[in-house]
Each structure stands twice: as structure tokens, then as C-alpha cells.
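Asks: Could you build all of it, start to finish, from the sequences and the hints given here?
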Amino acid sequence: MGKIKFEIKKNTYYDSVTLMLISKEVEKTNGVHEALVGMGTDLNKELARNLGIISDEIENIGPNDFFVAVLADDEVKIEKIVEKVNKLLSQKKENAGSDYMPPTLNSALRHNPESNIVLISVAGEYATEEARRALNNNLHVMLFSDNVSLEDEKELKELACEKGLLMMGPDCGTAIINNVPLAFANVIKKGNIGIVGASGTGIQEITVAIDKLGEGVSQVIGTGGRDLHKEIGGLMMLQGIEALKGDSQTKVIVLVSKPPSDEIAEKVIKSTKDTSKPIVINFVGGDNAIIEKYGAYVGVSLEDTARKAVALLKGEKIDDFNGFNKSIEKIHKIVSDEVGKLTANQKYLRGLYTGGTLADEAMQILRGSIGEIYSNIPLSPKYRLKDLKTSREHTCIDFGEDEFTVGRPHPMIDPSIRAERLVKEGEDEEVAVILMDFILGYGVHKDPVGEMIPAIIEAKGNMKKKDRHLSIIASICGTENDPQGLRESQKRLEEAGVIVMPSNAQAVRLAGLILSKGK
Amino acid sequence: MTKTKINELFDKELKIINIGLETFYRDLKNQEHPVIHVDWRPTAGGNKKMESFLSKLQ
Chain F
1 MGKIKFEIKK
11 NTYYDSVTLM
21 LISKEVEKTN
31 GVHEALVGMG
41 TDLNKELARN
51 LGIISDEIEN
61 IGPNDFFVAV
71 LADDEVKIEK
81 IVEKVNKLLS
91 QKKENAGSDY
101 MPPTLNSALR
111 HNPESNIVLI
121 SVAGEYATEE
131 ARRALNNNLH
141 VMLFSDNVSL
151 EDEKELKELA
161 CEKGLLMMGP
171 DCGTAIINNV
181 PLAFANVIKK
191 GNIGIVGASG
201 TGIQEITVAI
211 DKLGEGVSQV
221 IGTGGRDLHK
231 EIGGLMMLQG
241 IEALKGDSQT
251 KVIVLVSKPP
261 SDEIAEKVIK
271 STKDTSKPIV
281 INFVGGDNAI
291 IEKYGAYVGV
301 SLEDTARKAV
311 ALLKGEKIDD
321 FNGFNKSIEK
331 IHKIVSDEVG
341 KLTANQKYLR
351 GLYTGGTLAD
361 EAMQILRGSI
371 GEIYSNIPLS
381 PKYRLKDLKT
391 SREHTCIDFG
401 EDEFTVGRPH
411 PMIDPSIRAE
421 RLVKEGEDEE
431 VAVILMDFIL
441 GYGVHKDPVG
451 EMIPAIIEAK
461 GNMKKKDRHL
471 SIIASICGTE
481 NDPQGLRESQ
491 KRLEEAGVIV
501 MPSNAQAVRL
511 AGLILSKGK
Chain C
1001 MTKTKINELF
1011 DKELKIINIG
1021 LETFYRDLKN
1031 QEHPVIHVDW
1041 RPTAGGNKKM
1051 ESFLSKLQ
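From first to last, the protein sequence lines are chains F and C. Under our numbering, the residue at position 14 of the first sequence is numbered 14, and the numbers go up by one with no gaps. Under our numbering, the residue at position 53 of the second sequence is numbered 1053, and the numbers go up by one with no gaps.
The hints are simulated quantities; they were obtained by calculation from the structure and are not laboratory data. Incorrect hints may have been included.
What the hints assert, rightly or not - Reference listing, derived: stretches of chain C covered by chain F, where coverage requires no fewer than 3 residues with Cβ under 8 angstroms from a Cβ of chain F:
#1 1012-1018
#2 1022-1036
Stated by the list, open to error - In silico lysine to any residue, SDA-like type, Cα no more than 20 angstroms apart, as pairs:
#3 C:K1015 - F:N136
#4 C:K1015 - F:D99
#5 F:K163 - F:E114
#6 C:K1015 - F:N137
#7 C:K1015 - F:L88
#8 C:K1012 - F:Q249
#9 F:K77 - F:G62
#10 C:K1005 - F:L88
Glycine included, every Cβ here is placed at the ideal spot set by N, Cα and C.
Replies: Next comes the structure, spelled out in C-alpha cells:
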């Protein structure tokens, strides 16, 4: 079982993602059973308690103190562990170089008074204070942090509106302002489509599709997922729409969000009435009648939203896109080849997603065609997955939800939780199709495809040992100019036996055809 | 068309202050965008009472 060993350093601060990644490295040490490297926050103390590596000393430290705790065999020396941690931390410091790093926002402003936007990603409990300070200094804000209360969100957004500033977030994962990708974002060509969105991977999928169609974006404004809640009333979406209406580079406006209430939807759409710029709206899975009532265009999928925006920009005919880039003959060939390799009792889908909106879109598209889908974000509460560790029948999981990210980085940064699950799904003889997304760009893991390939090979190999085939279908939310490269990522997945489709919607449709045996 | 402060931002070079995850700072720096990273730590060492006192002083 081992012993609890720990070390505490007072008044030493590191950011949470850095420490979570270092915890994982320490866990790999021989003789170490559990490890936690973190700041002395309540959350980390609770984690340490759950892992059985808590001590009175750790209980008594504060959020500005740093600790290393392990459950390890007798021969493991805590000094060696601390040495390893220090080495990993100094590597991180070396990467940062010798740049001047001021201790506060005010000192940063003194150093560079021309600064105009602040990207904030500190723990939620400190986020409001930093965002308020930035707004009071007339700076635009992108607030990546979550765990900010609705009351605080409202207060910040009201302050921003009063001052005419951007208050993107809380929980805003992506934005592209003046062609600069902020937080999780892809490298997208500069162009004339402006986007305001309340769903991170929804925005990313649309921008990537626009780029693949040869067009680009003027501005991409994230609002945070709760902006269209009744309590917030769409404050930042309305502010973003006003800005895009007045922006000479923006010729077409795209809005994307999970379904808002009718009242808020109406308020948002009404605000687009006094512009001649065409508007395309995707309320993923929401009521489209209200969109059409005000003469805006409905995006029927994230990809379709992008296609319509591009068609409107070029003055081309507007049609719903429900098909494939490949010819129908080619799609039939892929489907019949895959169906031919599956056995009669292989009938289930396992969707393993890192992007919440992409998982939601998958379930929306498959609704009605393959039967009900269990999930941690189900379309109907009846199909909420009770045990998140075990899939049942058709299952689609969003690994970016809170239950998977307590004490560990988002799966776009640390793909290991999804890789482990893929191997597990490959042990279920009734599984026919695995559906996955791969998000490229800045902010995410430097090689999400490479991290997943060993699990893909293992899962396929395990099925093969039982004379079965495992069909793995993926889409890549990325562009050629992303640091990971779209073509190279696609090539490596295909070499590992994955069918790569040009969008999430097309990947989902293909999965649906295979599961319904081509019908 | 009304010009807002946000529209004024669209006409300027983005100059970013990053507070929090260093990875966002490194990404921006690697792309050669102007960015400054704040070596942030909780106000008043995480002491809530002191924090509220200090915020009133500002």
C-alpha cells in the first residue's frame, strides 16, 4: 500500500494546469501509487483527502502555499520526488525565457500602458476581482475561468456594457480578435465573416469550416456559455452584434449558441433587424421558427452554418447541407465495407468527445435514426448515464464536462482520460462504431492525434483478437495553419485505420449509416 | 453604423495582458503577438478577510 510522504513550500505560486500536468509525471515514478502536486486550495485539499494522501500539515496551508504529496513505497524518497518536481518546474520556467513578468495587473499596465485586452484564467474565486479591475482600467476582457457566479457575471457584463467594452466570458474558451487566436482557438484566415458565439467548440467548428471553404473571419467574439441565460439576458451577444454591425470588415454575421429561451432568442434576433448584413443563426437543437420569423438564415449543423455564411458572402444560392463532400457512391462503398466487417451483435455507438457542442450536435443528428443515446449531457434527462465510467448501449460522452475535469486539465490539454476510455470501449464486443473529435489549434495539447494513436491501435487490436472489427470515425477541428497541421494529423489517423471525415456533422452521418447498416 | 469602443479595438493592434495560465502567454509569444504575462498569485495570500480589506483600499 505504501506511505504518505509530502513536502510543503510556503508562499510559492504556480498555475493549476502546470501543476496538474506535473502531478501526472510524478505518478509515473516507480513505487508511487498516488501523487498530487498543487496549491493549498480547498479543492486540492479535498482531492488529497479523496486520494488518501492528506496530512494535518497540508490541511493547514493556504492557497498561496504549494505542496507535493505522494502515496509511495518505503524505498521512495520524498527528496527525490521534490527534485523531480523542481526539475519539471524549472523546465517550464526556461520555456518562458527571461521576460519581465510584473506581479499585478496595475504593474503590467505601468510597464505597457498601451495594453488593450486582458486574458484571465486564474481560479474562479479570484477571477471576478481581476476582471473588474481590468474593466475599471478601460481594458477589454476575455475571461477563460469558470466557477464564477451568475451574479458576478451579470455585474461584470453590466459594467462592460456601461463602458462599451468586451466582457467575453466567464467560461469563454475561444475568441479571435484582430486575427489573434485567444485561449483555445484555431489559425483561421482573415476574412469577412464575423461570429458571436456562446459555445466554444461550436465556434471553433464553424471557423474551421469557413477556413476549409477558402474564406475567413473578421472577428470572433466568445460570450461564455451562460450569456443567453435569462439572468444575463444576452448582454454580451447583443454588444457583440452591435460591434459587428458597425465593423466595415464584417459582411456576414454568424450567431451560435445552445438553445436560449424564446424571450432571449427574440431579443437577440430583433437586434439584427436594422442591418443589411445577412445573419446566419445556429441555436444547436433549438427552435428554428423564431429565426425564420425575423428573416435570418438557419444553420442546420455547425458545418452548414459555415457553408451558408460563405454562400451569402459570395452571393451564391442558399441550400441546407445534409450530405457529404464525397460522392454518394463513395460513401456507400465505405458503409458497405465497414458493415461487411462487423458481426451481427456489434450494434452500438460510443461517441468519445472533447468538445461539448460537438457531442451535443452528434446526438441531435443521430436523434431518431439509431435510437436513444445515453450521455453525461443527454438530450433527455431519462438517458443520463448513471455510471460515467461504464457506457451502455449507444453512449456519447463529453469528457470536457466538470465531472471529468476535477483536479485534471481539460481533455483537449490532457487527452489521457479519453485514451483510457477508448481502450475500455474496445473490450466491449457489442460496440460497432467509435466516434471522436480531434481539436487542433492553440491552447490545446501539442499533439492530440499522436497521444491517441497508441489507444486506437490497442482498441482495434483487442477487437481483432476476437475476430472483430472496430470502426473508428473521426473529424478534425483544425486547419493547415494550426501548429499541429490538418493534413499531417489526418494522415496519421488514417494510417492507424481511422476513417477521417471533413466535419463533425459528416462523421456523425457516416456513423449513423454504418449503425443502421446503410439503410 | 455606430462606432463603439469595441470597434476602436478592431482598428488597433491587440496588446494583451495574460493573467493565469502560462501556456496562453507562451502561445501568443510564439506567434509574436505583443503580450505581457502577470506573475499572478492570490491577493493577500488567499486570506479572504485581508483581500476584502485591500480591495476597499484600492
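Asks: Run every hint past the structure and note whether it holds.
Replies: Hints and how they fare:
With a cut-off of 8 angstroms between beta carbons, the stretch 1012-1018 of chain C has 7 residues touching chain F; three or more are needed, and the interface restraint holds. Counting residues of the stretch 1022-1036 of chain C whose beta-carbon sits less than 8 angstroms from any beta-carbon of chain F gives 12, enough to reach three: the coverage restraint holds. Under the criterion of a C-alpha separation no larger than 20 angstroms, the hint pairing K1015 of chain C with N136 of chain F is consistent with the structure, at around 17 angstroms. Under the criterion of a C-alpha separation no larger than 20 angstroms, the hint pairing K1015 of chain C with D99 of chain F is consistent with the structure, at around 16 angstroms.
Distance hint between K163 of chain F and E114 of chain F is fulfilled; the C-alpha atoms sit about 18 angstroms from each other, no more than 20 angstroms. This hinted pair checks out: K1015 of chain C and N137 of chain F have alpha carbons roughly 14 angstroms apart, not beyond 20 angstroms. A threshold of 20 angstroms between alpha carbons decides the hint, and for K1015 of chain C with L88 of chain F the separation of about 30 angstroms lies outside it, so the pair is violated. Proposed proximity of K1012 of chain C and Q249 of chain F is supported: the alpha carbons are some 14 angstroms apart, at most 20 angstroms.
Pair hint K77 of chain F plus G62 of chain F does not hold up; C-alpha atoms about 25 angstroms apart against a cutoff of 20 angstroms. For a cut-off of 20 angstroms, the pair hint linking K1005 of chain C to L88 of chain F is broken: about 42 angstroms separates their Cα positions.
The structure fails hints 7, 9, 10 (numbered hints given earlier, in ascending order).
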